[in-house]
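Taking the hints into account, I'd like the entire structure generated from these sequences.
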Amino acid sequence: MNPPLSRRDVLRRLGFVAGMWWAARAEARDIPGDSVYQLRAQLTDQDGRSFELSSLRGQAVLVSMFYSSCEQVCPMIFETIRLTLLALPVADRERVRVMMISFDPARDSVAVLKATAEAHQCDARWALLRAEDAEVRRIAAVLGVQYRRLASGEFNHSSAIELLDTEGRIAARTGTLGAADPGFVKAVRKALSRQA
Amino acid sequence: MALEIVRRATRIVVCAAAACGTAMAADFITVPGGRFASVLPQGPVPTVSVPVEVAAFAMRATPVTAGEFLAFVRAHPEWQRGRAPAIFADRRYLVDWRSPVLLADGGAADRPVINVSWFAARAYCESERARLPTWLEWEYTAAADETRRDARADPQWRRRILSWYERPATTSPPRVGGAPNVFGVSDLHGVVWEWVDDFNALFIAGDSRVQGDPDTAKFCGAGALSVIDRDSYAVLMRIALLSSLSAADTTGSLGFRCVRPGGERP
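The listed protein sequences derive, respectively, from chains A and B. Residue numbering for the first sequence follows the numbering used here, starting at 1 and increasing by one per position. Residue numbering for the second sequence follows the numbering used here, starting at 1001 and increasing by one per position.
Quick caveat, the hints were computed from the structure, so don't treat them as lab data. This one's a predicted model, so the numbers in the text were calculated from it and none came from an experiment. Just so you know, not all the hints are guaranteed correct.
Said to hold, decoys possible - Some but not every residue of chain A turned toward chain B, in silico, with C-beta under 7 Å:
(1) Ala-141
(2) Val-142
(3) Thr-166
(4) Glu-167
(5) Ala-171
No residue lacks a Cβ here, since even glycine has one placed at the ideal position from N, Cα and C.
Here you go:
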């Protein structure tokens, strides 16, 4: 049996609940109108954990879309992001997060995402993500990514890498593949300088 | 027994009048499936159009009207002008309305809603347990005329559709409810452009000569698509427009309609 609560306990607990409510409310209210984090999407990462885009709020994020069975450009996207991270000063590298969102939820299961992450030596900074088809279409729409499933099961897709600032706004975009784009690296550093 | 039937019928009528769900129950027409060759190649080879099987679906008989969209934003204030986040709707969202909850003028309720973004259109369709049509579903339905499921080879049909595009754009589109095609669906041509769910899948190569040498730095996979039937100017104009848009964009001549899968009834 629990001991009876003192009035101070009750007030403290009420205060805590009110504070939580206020914090949650403020967080929802604060997301800017032009932020990608306005999108409440249900995603799952390579470890099978559920993932919210806005969970990376407050950090600089590189984001791109891919599919695991892709043999042409997609491996180059992973490589380009790796080179972009390497182009940053050592202290900055660890502070950048990466979101890779799959076009292909039918084939990119959690296990496949995990294997892809390992194949590209993605560390804890990287989230390889899957979502249902309709959700993928919405995510591509906010990111300005064009894609199309072909009868062969392959995908046609545009292949830009985008930088989200700490509020989830698209701050920069690069179409350069196979090398770090100096202008893009500069934009990442700028976003990091605003990161608390 | 008879009384029970009357009572049930009454309940249904009351439900319809009180608008169960959103607005008034929209008319969804069953469009039977069939084989269809899109102007956009659907098969494995990007330069060869292979007919594909289109599954049956049910499509709204007319585009969503301004009146229907007004009922939607009243029920879903987060989609009112001024409240919808910028990433979901640009600054011209519902710009023609007098206020966030008032239409432009008395006659606007049965005109198609315009100045709506893809996100807003999608949210509307979800509110009536439907979705936006895919490009293939839209093109398939729009290939019909009053008597034929596929009238595209008829030069007269092509001329008639093209003549709409020659008309100067007016401030407000005509009222919905034109002559239905063989499926029973109206206003696919001659009223407004319409969003499709996969508008961001319609990127096409500017010139078929680039097909052998796809710009793989920009497009992964087999490269951008080429259009097979270059005589279908009217359809090509739609594709060109849709492929140029971002999902938050709105224009004064772009509306939408919704579909439900498999021709199921609400």
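Q. Of the numbered hints stated previously, which ones are contradicted by the structure, given in increasing order?
A. Going through the list in order, the structure violates hints 3, 4, 5 and respects the others.
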